[in-house]
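Peer 1: Residue numbers (the numbering used here), protein chains in the order written: chain H, 72 to 147; chain Z, 2 to 378.
These are computed hints drawn from the structure, not numbers from a lab. A few of these clues could be false.
[To be verified] Residues of chain H placed beyond 10 Å of chain Z at every Cβ, according to the derived structure: (1) 75; (2) 76; (3) 101; (4) 106; (5) 112; (6) 128; (7) 129; (8) 131; (9) 134; (10) 135; (11) 137; (12) 138; (13) 144.
[Said to hold, decoys possible] Pairs of lysine-lysine, DSS-like flavour, derived with a Cα cap of 30 Å: (14) 240(Z) to 97(H); (15) 97(H) to 222(Z); (16) 222(Z) to 75(H); (17) 251(Z) to 75(H); (18) 336(Z) to 357(Z); (19) 251(Z) to 124(H); (20) 222(Z) to 147(H); (21) 124(H) to 227(Z); (22) 145(H) to 240(Z); (23) 97(H) to 258(Z); (24) 251(Z) to 147(H); (25) 273(Z) to 29(Z); (26) 147(H) to 240(Z); (27) 258(Z) to 75(H); (28) 353(Z) to 202(Z); (29) 222(Z) to 136(Z); (30) 227(Z) to 147(H); (31) 227(Z) to 97(H); (32) 240(Z) to 202(Z); (33) 202(Z) to 124(H); (34) 251(Z) to 97(H); (35) 97(H) to 124(H); (36) 175(Z) to 336(Z); (37) 43(Z) to 363(Z); (38) 251(Z) to 145(H); (39) 251(Z) to 139(Z); (40) 240(Z) to 124(H).
Ideal placement from N, C-alpha and C gives every residue a C-beta, glycine not left out.
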Amino acid sequence: MPGKTVVDARGSFCPGPLMELIAALKSCQVGDELEVLSTDRGSANDIPEWVRKVGHEHLATHVEAGVWHITVRKAK
Amino acid sequence: MKILIVGGGMGGTILANNLARRLNGELKSGGARITMLSASDKHMYQPGLLYLAVGRMTPDELYRDQAGLLEPGIEFHVDPAEEFQLDHNRVKTKSGKLYDYDTLVIATGSRMYPEGIPGLAEHAETFYTEASALKMFKRLQEFQGGRVVIAVGVPHKCPMAPLEITFMLHDYFKDRGLGDKVQLHYTYPINRIHSLENVAKWAAPEFDRLGIAYETFFNIKEVDGKNQILRSEEGAEIKYDLLIAIPAHKGMEVIEKNGLGQNGWIPTDRQKLNMEGRKNVFVLGDTTNIPISKAGSTAHFEADTLGENIAAMVKMGTPVRDYDGKVFCFIEAGKDRATYAMFNYQNPPDPKAPTKAVHWFKMAYNKLYWVSARGLL
Ligand SMILES: Cc1cc2nc3c(=O)[nH]c(=O)nc-3n(C[C@H](O)[C@H](O)[C@H](O)COP(=O)(O)OP(=O)(O)OC[C@H]3O[C@@H](n4cnc5c(N)ncnc54)[C@H](O)[C@@H]3O)c2cc1C
Numbered sequence: 072m073p074g075k076t077v078v079d080a081r082g083s084f085c086p087g088p089l090m091e092l093i094a095a096l097k098s099c100q101v102g103d104e105l106e107v108l109s110t111d112r113g114s115a116n117d118i119p120e121w122v123r124k125v126g127h128e129h130l131a132t133h134v135e136a137g138v139w140h141i142t143v144r145k146a147k
Numbered sequence: 002m003k004i005l006i007v008g009g010g011m012g013g014t015i016l017a018n019n020l021a022r023r024l025n026g027e028l029k030s031g032g033a034r035i036t037m038l039s040a041s042d043k044h045m046y047q048p049g050l051l052y053l054a055v056g057r058m059t060p061d062e063l064y065r066d067q068a069g070l071l072e073p074g075i076e077f078h079v080d081p082a083e084e085f086q087l088d089h090n091r092v093k094t095k096s097g098k099l100y101d102y103d104t105l106v107i108a109t110g111s112r113m114y115p116e117g118i119p120g121l122a123e124h125a126e127t128f129y130t131e132a133s134a135l136k137m138f139k140r141l142q143e144f145q146g147g148r149v150v151i152a153v154g155v156p157h158k159c160p161m162a163p164l165e166i167t168f169m170l171h172d173y174f175k176d177r178g179l180g181d182k183v184q185l186h187y188t189y190p191i192n193r194i195h196s197l198e199n200v201a202k203w204a205a206p207e208f209d210r211l212g213i214a215y216e217t218f219f220n221i222k223e224v225d226g227k228n229q230i231l232r233s234e235e236g237a238e239i240k241y242d243l244l245i246a247i248p249a250h251k252g253m254e255v256i257e258k259n260g261l262g263q264n265g266w267i268p269t270d271r272q273k274l275n276m277e278g279r280k281n282v283f284v285l286g287d288t289t290n291i292p293i294s295k296a297g298s299t300a301h302f303e304a305d306t307l308g309e310n311i312a313a314m315v316k317m318g319t320p321v322r323d324y325d326g327k328v329f330c331f332i333e334a335g336k337d338r339a340t341y342a343m344f345n346y347q348n349p350p351d352p353k354a355p356t357k358a359v360h361w362f363k364m365a366y367n368k369l370y371w372v373s374a375r376g377l378l
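All chains, please: the whole structure from these sequences, using the hints.
Peer 2: Below, the structure written as structure tokens:
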């Protein structure tokens, strides 16, 4: 079963959440899901764009009480 | 009140002098005491490294004796902090001494961390220390043409340095008659060429006009020195003839070792500047985790706020104002033109077209800094 890693980047501002995702991806396996929690609106746009560029999968984004939950699957 | 300041760089020095002036009476009567611990008896003007790297300053111009910059009445020791015993209100130093305090200020700065990326420390030139800036200048002098890659990691101190060094290299090579033999290629980790949106909007057309290539969403993964190739996490590769890096930074090791903050960044209240969860510990300059630029001017404006607040706490038992996130950065846009960015938590910067006048103001500030460090400007 692939694991799900939560990257808690709340309170961190652009480009912090993206940098935290990149660091977390390094220690994950292909197929793993990661959920980035971010309070930064800019990062909620940047992260899916980066994920597409690199060739991972952007699974979902939703906002809950001012926190963006961005779910990503490591694809390579 | 016993005030202990750990770090004698830009933030610590400006704060100590500011406090010594405000608390002149209390220092004489014994109502207050200011002690500073630092790791060096010298004070470096770090922005000068940018000029050292292109042969426009010499190393001796970067330094003053730290003791000579401090107001009388400040106790100064070159004795780096090793253990922060915050529950006991004391700090243990390298010499084994214990310094107790009522109010502690941590201002230990930050450092580049090229070791975090395979091959970067060995193969890239940098200019964030005296030795590396000198080495970079010697490499530049020998360089006769080819692709110069300027690769940026985040976070790093001096938000403008990557743009400035790129503009300055452009003019440096042009002056050497190598303008058409050198191609400058700039890389940045996010999807624009600077993390401040308006600065990116200003700089991109300037790069276009000067023929400087750039690549965004480029997070440095590794350097293959043998084949002179820089690789990114995104899967891109760039062949370089000369690699200049602004590596991602960390706070000081002592901060991490003491568990004060991940990667050496201390969780800090954005307005009050106290360490999260500690009322009598304040944090200043590069080592905070506040999401604004790690710049000397940030340290300076934070020190102004803290100076007022700590003095007011001595005199009336309460701080008087909040830090508003103010930062002011010059941006050198070549060898003789500059602009600036001024911003705070509420208002983003809006850089104007560069002028000679702003460049000359920056050159003057390079000297005026020593007045500023004394807390006079
Ligand atoms: C190339 C370059 C160009 C720059 N250009 C600009 C610019 O144009 N404008 C601008 O605003 N900023 C610029 N900066 C950034 C600026 O220099 C820093 O942001 C600023 O110095 C931060 O101040 P600080 O007090 O936090 O840390 P520092 O000034 O780095 O001081 C840290 C102090 O802590 C001491 N210390 C370290 N460890 C310990 C310990 N364990 N115990 C006690 N003391 C310790 C050190 O000896 C030092 O005195 C530039 C920096 C560089 C490298």
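Peer 1: All hints, please: hold or fail.
Peer 2: Now for the hints, and whether the structure bears them out:
The claim that residue 75(H) is not at the interface with chain Z holds, since no C-beta of that chain comes within 10 Å of its own (minimum 21 Å). Every beta carbon of chain Z lies more than 10 Å from that of residue 76(H), the smallest distance being close to 16 Å; the non-interface claim holds. The claim that residue 101(H) lies off the interface holds: its Cβ sits roughly 14 Å from the closest Cβ of chain Z, which is beyond the 10 Å cut-off. No Cβ of chain Z approaches the Cβ of residue 106(H) within 10 Å, the least distance being about 19 Å, so the stated non-interface status holds.
Non-interface call for residue 112(H) relative to chain Z: holds, since the shortest CB-CB distance, roughly 12 Å, exceeds 10 Å. The claim that residue 128(H) lies off the interface holds: its Cβ sits roughly 15 Å from the closest Cβ of chain Z, which is beyond the 10 Å cut-off. With a closest Cβ-Cβ approach of about 14 Å to chain Z, residue 129(H) is found to remain outside the 10 Å limit, as its non-interface label requires. At roughly 21 Å, the least C-beta separation between residue 131(H) and chain Z is larger than 10 Å, which holds for a residue marked as non-interface.
The non-interface label for residue 134(H) is consistent with chain Z: the shortest C-beta to C-beta separation is roughly 20 Å, beyond 10 Å. Every CB of chain Z lies more than 10 Å from the CB of residue 135(H), the least distance being 22 Å, so the non-interface label holds. Chain Z leaves residue 137(H) outside its interface by the beta-carbon criterion, the shortest separation being 16 Å against a cut-off of 10 Å. For residue 138(H), the requirement that its beta carbon stay farther than 10 Å from each beta carbon of chain Z is met, with the minimum near 16 Å.
Distance check for residue 144(H) against chain Z: the nearest CB is about 16 Å away, which clears 10 Å, and the non-interface claim stands. Taking the CA atoms of residue 240(Z) and residue 97(H), the gap is near 24 Å; set against the 30 Å cutoff, the hint holds. A distance of roughly 10 Å separates the Cα atoms of residue 97(H) and residue 222(Z); the hinted pair therefore holds under the 30 Å criterion. Between residue 222(Z) and residue 75(H) the CA atoms are separated by roughly 24 Å; this keeps the pair inside 30 Å, and the hint holds.
In summary, the hint linking residue 251(Z) to residue 75(H) is supported, as the alpha carbons are separated by about 28 Å, within the 30 Å threshold. With a C-alpha separation of about 9 Å, the suggested pair residue 336(Z) and residue 357(Z) falls inside the 30 Å cut-off, and the hint holds. Note on residue 251(Z) and residue 124(H): the hinted pairing holds, with a Cα-Cα distance of about 27 Å set against a maximum of 30 Å. A C-alpha spacing of about 15 Å is found between residue 222(Z) and residue 147(H), which places the hinted pair at or below 30 Å, so the restraint holds.
Proposed proximity of residue 124(H) and residue 227(Z) is supported: the alpha carbons are some 28 Å apart, at most 30 Å. Restraint check for residue 145(H) and residue 240(Z): the C-alpha separation of about 27 Å stays at or below 30 Å, so the hint holds. Under the criterion of a C-alpha separation no larger than 30 Å, the hint pairing residue 97(H) with residue 258(Z) is consistent with the structure, at around 23 Å. Distance restraint check for residue 251(Z) and residue 147(H): the Cα-Cα separation of roughly 28 Å lies within the 30 Å cut-off, and the hinted pair is therefore satisfied.
For the given pair, residue 273(Z) sits about 28 Å from residue 29(Z) by alpha-carbon distance, which is consistent with the 30 Å threshold. Our distance criterion of 30 Å between C-alpha atoms is met by residue 147(H) and residue 240(Z), whose separation comes to about 24 Å. With a CA separation close to 29 Å, the supplied pair residue 258(Z) and residue 75(H) stays within the 30 Å bound. For the proposed pair residue 353(Z) and residue 202(Z), the alpha carbon gap of about 11 Å is at most 30 Å, so the pair holds.
Of the supplied pair hints, the one linking residue 222(Z) and residue 136(Z) holds, its CA atoms being roughly 23 Å apart against a limit of 30 Å. For a cut-off of 30 Å, the pair hint linking residue 227(Z) to residue 147(H) stands: about 26 Å separates their Cα positions. In summary, the hint linking residue 227(Z) to residue 97(H) is supported, as the alpha carbons are separated by about 24 Å, within the 30 Å threshold. Taking the CA atoms of residue 240(Z) and residue 202(Z), the gap is about 27 Å. The hint holds against a cut of 30 Å.
Proposed proximity of residue 202(Z) and residue 124(H) is supported: the alpha carbons are some 21 Å apart, at most 30 Å. Our distance criterion of 30 Å between C-alpha atoms is met by residue 251(Z) and residue 97(H), whose separation comes to about 19 Å. Taking the CA atoms of residue 97(H) and residue 124(H), the gap is about 17 Å. The hint holds against a cut of 30 Å. Taking the CA atoms of residue 175(Z) and residue 336(Z), the gap is near 10 Å; set against the 30 Å cutoff, the hint holds.
Restraint check for residue 43(Z) and residue 363(Z): the C-alpha separation of about 23 Å stays at or below 30 Å, so the hint holds. For the hint pairing residue 251(Z) with residue 145(H), the CA-to-CA distance comes to about 27 Å; that is within 30 Å, so the pair holds. With a CA separation close to 27 Å, the supplied pair residue 251(Z) and residue 139(Z) stays within the 30 Å bound. With a C-alpha separation of about 21 Å, the suggested pair residue 240(Z) and residue 124(H) falls inside the 30 Å cut-off, and the hint holds.
Consistency note: the structure conflicts with none of the earlier hints.
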